[in-house]
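**Q** Sequence:
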Amino acid sequence: MNSIENSFLKLEIANKGAEIKKIINKKNNQNYIWKGDSNYWGKTAPVLFPFIGGQKNGKFIVEGKEYSQLKHGFARDNDFKIIEKNDTKIKYLFSYSEETLKQYPFKFNFYITYTLEKNRIKTEYLIENIDDKEMYFSIGAHPAFSLFVNEEIKYEDYYLEFEKEEEIKSFIIDGVLLKKEKIDLGKTKILELKKDTFKNDAFVFENLKSKEITLKNKKDNRKVKVIFDEFPYLALWNVVNAEFICIEPWCGINDFVDFNGELKEKIGIEKLDKSAKFKRKLIFEIV
Numbered sequence: 001m002n003s004i005e006n007s008f009l010k011l012e013i014a015n016k017g018a019e020i021k022k023i024i025n026k027k028n029n030q031n032y033i034w035k036g037d038s039n040y041w042g043k044t045a046p047v048l049f050p051f052i053g054g055q056k057n058g059k060f061i062v063e064g065k066e067y068s069q070l071k072h073g074f075a076r077d078n079d080f081k082i083i084e085k086n087d088t089k090i091k092y093l094f095s096y097s098e099e100t101l102k103q104y105p106f107k108f109n110f111y112i113t114y115t116l117e118k119n120r121i122k123t124e125y126l127i128e129n130i131d132d133k134e135m136y137f138s139i140g141a142h143p144a145f146s147l148f149v150n151e152e153i154k155y156e157d158y159y160l161e162f163e164k165e166e167e168i169k170s171f172i173i174d175g176v177l178l179k180k181e182k183i184d185l186g187k188t189k190i191l192e193l194k195k196d197t198f199k200n201d202a203f204v205f206e207n208l209k210s211k212e213i214t215l216k217n218k219k220d221n222r223k224v225k226v227i228f229d230e231f232p233y234l235a236l237w238n239v240v241n242a243e244f245i246c247i248e249p250w251c252g253i254n255d256f257v258d259f260n261g262e263l264k265e266k267i268g269i270e271k272l273d274k275s276a277k278f279k280r281k282l283i284f285e286i287v
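Per UniProt numbering, the sequence shown runs over residues 1 to 287.
Quick caveat, the hints were computed from the structure, so don't treat them as lab data.
Keep in mind the model is a prediction, meaning the values are calculated, not measured.
Be a bit skeptical, because a hint or two may be false.
[Stated by the list, open to error] The list that follows gives simulated cross-link-like pairs (lysine to aspartate or glutamate, DMTMM-like), each with its CA atoms no further than 25 Å apart:
id: 1; residue 1: 169; residue 2: 151
id: 2; residue 1: 195; residue 2: 265
id: 3; residue 1: 107; residue 2: 151
id: 4; residue 1: 277; residue 2: 63
id: 5; residue 1: 21; residue 2: 98
id: 6; residue 1: 107; residue 2: 165
id: 7; residue 1: 211; residue 2: 165
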């Protein structure tokens, strides 16, 4: 486990998946990241690459050849190498290998940098296409933020507040795939949380007007703001009865039920020219 810290926050990160394991707010000495209880969900904040969600029939096609890929891609299950570190910044690298090429036929370097700036965590993704052809991929974050529940604060006291009023419409999830029909959740800035809010799986939104969303509760001033202005999709999810909420900015989404398997034709897929770089950043603000 590796850590960086400043006078506001301490961040702990595992080499496996460069996954955030703890965000300690020094003001109250509380961990704002889910504990990873495998009875509900054993992850804490996996990084999703080179795919998000599931593939139709677990497969995709590139240049006429069929490949198999796990849900959410393989980055979260591989070790990243630390290439730079100081007190408040850490930078990781995960590169292609002969093993990844069997599952995903592109050569890449994938860098993740975490930087503490007062009470904010800045996450930067940098993907380099080092192949001699165009590269297709998705990238996303999957952090699970703790809901501090006790005798005073109940699960139902928590809510999510969008930056702007939204006509909130979510894609419908069918197994690991998406339908193009949407559920209308109404016109509002506030999404109240109940234990069964996600009984039918995640909400997946596209092209929201809001570029920020904040987890709050009605009983204290504790909150987490996620700033995701460089990501066109946002997912929200938890496991029924588990005391966390995942706020997931995505560049890319699951396959749709009618997808033909050709990766370059996948809705939401990112394309990177040879020798080109792709950069995105997101911010967690902890109070």
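**Q** Evaluate each hint against the coordinates.
**A** Status of each hint after checking the structure:
For the hint pairing residue 169 with residue 151, the CA-to-CA distance comes to about 34 Å; that exceeds 25 Å, so the pair is violated. Between residue 195 and residue 265 the CA atoms are separated by roughly 37 Å; this puts the pair beyond 25 Å, and the hint is violated. In summary, the hint linking residue 107 to residue 151 is not supported, as the alpha carbons are separated by about 52 Å, beyond the 25 Å threshold. With a CA separation close to 22 Å, the supplied pair residue 277 and residue 63 stays within the 25 Å bound.
Straight-line distance between C-alpha atoms of residue 21 and residue 98 comes to about 29 Å, which puts the hinted pair past the 25 Å bound. Between residue 107 and residue 165 the CA atoms are separated by roughly 41 Å; this puts the pair beyond 25 Å, and the hint is violated. With a CA separation close to 11 Å, the supplied pair residue 211 and residue 165 stays within the 25 Å bound.
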